[in-house]
Structures are given as structure tokens and as C-alpha cells.
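Just so you know, the sequences run in chain order U and S.
Position in the first sequence counted from 1, then plus 68, gives you our numbering.
Position in the second sequence counted from 1, then plus 9, gives you our numbering.
A portion of the hints provided could be inaccurate.
To be verified - Restraint-style ranges between C-beta atoms, simulated for each label pair:
1) S:V107 to U:K122: 46 to 54 Å
2) U:G197 to S:K30: 50 to 58 Å
3) U:A214 to S:A71: 18 to 26 Å
4) U:K91 to S:P67: 43 to 51 Å
Think of the hints as simulated: they come from the structure by calculation, not from any bench.
The beta carbon of each residue, even a glycine, is placed where N, CA and C say it ideally should be.
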Amino acid sequence: MSDASATGHETKIPLSERGPASKEMVVRFGFWLFLLSDIVVFAGLFAAYAVLSKSTAGGPTGPELFSRTHTFIETTSLLLSSFTCGLMTVGVEIRQRMLIYLSALGTFVLGIGFLGLELSEFIDLVARGAGPTHSAFLSAFFALVATHGLHVTAGLLWLIVMMVQVATLGLRDMVVRRLFCFSLFWHALDIVWVGVFTIVYLGAS
Amino acid sequence: MADTSGSQSNNGAKAPGEHGKGKAAIKSYVAGLTLAFLLTMASFWAAQTDLVYAPAVPVLLAALAIGQMGVHLVFFLHISSGPEDTNNVLALAFGVFVVGLVVLGSMMIIHNLNVNMMPTAHPMDMG
Numbered sequence: 069m070s071d072a073s074a075t076g077h078e079t080k081i082p083l084s085e086r087g088p089a090s091k092e093m094v095v096r097f098g099f100w101l102f103l104l105s106d107i108v109v110f111a112g113l114f115a116a117y118a119v120l121s122k123s124t125a126g127g128p129t130g131p132e133l134f135s136r137t138h139t140f141i142e143t144t145s146l147l148l149s150s151f152t153c154g155l156m157t158v159g160v161e162i163r164q165r166m167l168i169y170l171s172a173l174g175t176f177v178l179g180i181g182f183l184g185l186e187l188s189e190f191i192d193l194v195a196r197g198a199g200p201t202h203s204a205f206l207s208a209f210f211a212l213v214a215t216h217g218l219h220v221t222a223g224l225l226w227l228i229v230m231m232v233q234v235a236t237l238g239l240r241d242m243v244v245r246r247l248f249c250f251s252l253f254w255h256a257l258d259i260v261w262v263g264v265f266t267i268v269y270l271g272a273s
Numbered sequence: 010m011a012d013t014s015g016s017q018s019n020n021g022a023k024a025p026g027e028h029g030k031g032k033a034a035i036k037s038y039v040a041g042l043t044l045a046f047l048l049t050m051a052s053f054w055a056a057q058t059d060l061v062y063a064p065a066v067p068v069l070l071a072a073l074a075i076g077q078m079g080v081h082l083v084f085f086l087h088i089s090s091g092p093e094d095t096n097n098v099l100a101l102a103f104g105v106f107v108v109g110l111v112v113l114g115s116m117m118i119i120h121n122l123n124v125n126m127m128p129t130a131h132p133m134d135m136g
């Protein structure tokens with residue numbers, strides 16, 4: 069069965085006779101499954117936080133520690149970086165290298181900004197004596213938020229590697245598949261962050 | 010350049026994140042950004058307003074968060090309810106099921122344990 073003949077009659081061929089899906093399809097669906105399992109990891113951390121958020125051992129509580137403005141800037145930069153990451157995939161589809169590089173740069177800068185804000189918050193908390201060892205609430209907080217931060221760090225490293233591959237290997241199929249997987253990863257991180265800022269930073273009061 | 014539209018040999022199915030080309034795709038991302046930003050603003054507003062009955066605020070925040078996750082799924086990850094998306098939606102539904110089981114199950118069990126805890130000589134702050 070050739071691809072050309074399949075195009076027009078796709079619906080008439082029984083599912084069992086259509087042959088295997090394309091590599092692109094398999095890779096992206098597999099990566100989607102990985103992302104969902106990664107979200108299950110976060111669910112465990114969210115559950116720990118939800119259970120322990122009141123166990124402050126006499127120490128500071130969430131509303132005393134967290135700054136709304138800080139969180140809002142973090143949220144906005146991550147959301148904008150998700151948008152520029154989307155623009156990057158558009159650039160990949162229309163094979164516009166300039167658009168790919170510029171939007172990747174935007175994604176990277178916004179991602180670094182997000183990480184910087186998160187690190188400055190962690191350093192500030194530890195300096196105020198509210199480090200992860202202080203109470204069960206703070207342990208759960210650091211575990212959840214830092215795991216998300218580590219994912220963002222991994223994503224930024226991945227983005228650098230992808231830009232080097234675009235520059236050296238060009239937009240061959242393999243590189244395009246990886247770029248799409250990266251964009252799925254980045255969008256999924258933003259979804260997790262929606263949960264973080266709602267439950268940790270806003271639900272804290 | 011090889012075909013990346015993905016419709017030819019994909020058994021009529023769609024990969025997650027697959028979107029329209031060029032302008033249509035950009036439009037979808039702009040719409041997603043606008044909606045997500047509005048929902049974010051609404052969340053931050055809801056968290057500090059006096060206009061909403063205070064005990065209802067967590068419910069409102071949860072609804073806004075779920076709405077924003079939906080916006081991200083539809084406009085950024087391009088997961089839709091169409092027949093070509095069945096595999097992706099089924100996987101997602103299973104993921105949501107496990108997440109709900111883990112989070113709500115933990116909260117329920119630990120709450121129950123806290124309520125039934127024997128009073129101790131040195132009561133710990135269990136909330």
C-alpha cells in the first residue's frame with residue numbers, strides 16, 4: 069500500500085490493514101505518554117504538598133513567605149516563553165530559520181528569567197531561616213517547586229542542544245521530530261506551573 | 010523536504026502538538042496566549058478580592074486553573090476532541106484519572122487519619 073493511494077481512501081481501508089504509523093507519529097505519541105507519566109510524578113509531589121501544607125511545625129506559613137508580585141512575574145514569563153516556543157514550531161513547519169532562532173532565543177531568555185526569579189526566591193527563603201529542613205510544609209514546597217525548576221533547567225539545556233543541531237545538522241526529519249518533542253515538553257511544564265501557582269502561591273491564603 | 014503534515018501514513022490519526030500551518034497556527038497561539046493571560050489575571054485577582062464569598066475562592070481558583078490547563082491543551086498542545094485525536098485524548102484521560110486518584114486519594118486518607126488520631130502527650134501540629 070503506497071502513501072499516495074492511501075491519501076484519498078483512508079477511511080475505506082480497515083484499521084487492521086493500514087500498516088504501521090509513521091515514525092513521526094510514533095515518536096510524538098510516545099513522548100506524549102512520557103509527559104503524562106511525568107505529570108503523574110508531579111501529582112505525587114502535589115499530593116505531598118496538599119497533605120503537608122498546614123504542617124508548619126510552628127514556623128512560617130505560606131502567606132507569610134510568598135510574594136504575589138514575584139509569582140505573577142514568574143507566571144507571565146513562563147507563559148510568554150510557551151508562546152515563543154509555539155512560534156518556534158511554526159518556524160519549523162514553514163522552514164524559516166530566522167523565526168526559529170529568534171523565538172528560541174526569546175524562549176531561552178524568558179526561561180532563564182523564570183529560573184533566576186525562582187532561585188532568588190529560594191535564596192531569600194533560606195536566608196530568612198525558612199529552608200527545606202525547617203518544616204514538613206517547607207520540605208514539600210521545595211520538593212515540588214524545585215522539581216519543576218529542574219525540569220525547566222533540563223528544558224533550557226535541551227533547547228541549546230536543539231539550536232546547535234539546527235545549525236549543524238539542519239532541519240532534517242530527526243531534528244524536526246526532536247524540536248516538536250521539545251515544544252510538547254515546554255508546554256507541559258507550563259501546565260504544571262498553572263497547578264503550582266494556583267495551589268502553592270494563591271491557595272496559600 | 011519530507012512531509013511533516015503527518016496525514017498520509019498516520020492511519021488518520023494526529024500526533025500531539027500537530028497544528029495548522031503558518032498564519033492559522035500563529036492565530037491559535039495568539040488566541041491561546043490571550044486566553045491564558047486573562048485567566049492568569051483572573052486567578053491573581055480572585056486570590057485577593059473581597060468581592061467573592063471567601064470560602065468559595067478556592068473553588069473559583071480551581072475552576073480558573075482547570076480552565077487555563079484546558080486552554081493550554083487546546084491552543085498550545087493542540088489536543089482536540091476530533092476522531093483523529095482519540096489516542097491522545099484516551100492517554101490524557103488516563104493521566105488525569107491517575108493524577109486525581111493520587112492527589113484526592115492522599116488528601117482523603119491523610120485527613121481521615123488526622124481526624125482519627127489518638128491525642129498524644131506532646132501534640133504535634135498536624136493542622
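Hint check for K30 of chain S and G197 of chain U - Cβ pair distance inside 50 to 58 Å: 54 Å, holds
Pairwise beta carbon distance, K91 of chain U to P67 of chain S, judged against the given window 43 to 51 Å: The hinted range 43 to 51 Å holds for K91 of chain U and P67 of chain S, with Cβ atoms some 45 Å apart.
CB-CB spacing for K122 of chain U and V107 of chain S relative to the 46 to 54 Å hint: Violated, at about 25 Å.
Verdict for A214 of chain U, A71 of chain S (Cβ pair) under range 18 to 26 Å: 24 Å, holds
Hint 1 from the earlier list is the only one contradicted by this structure; the remaining hints agree with it.
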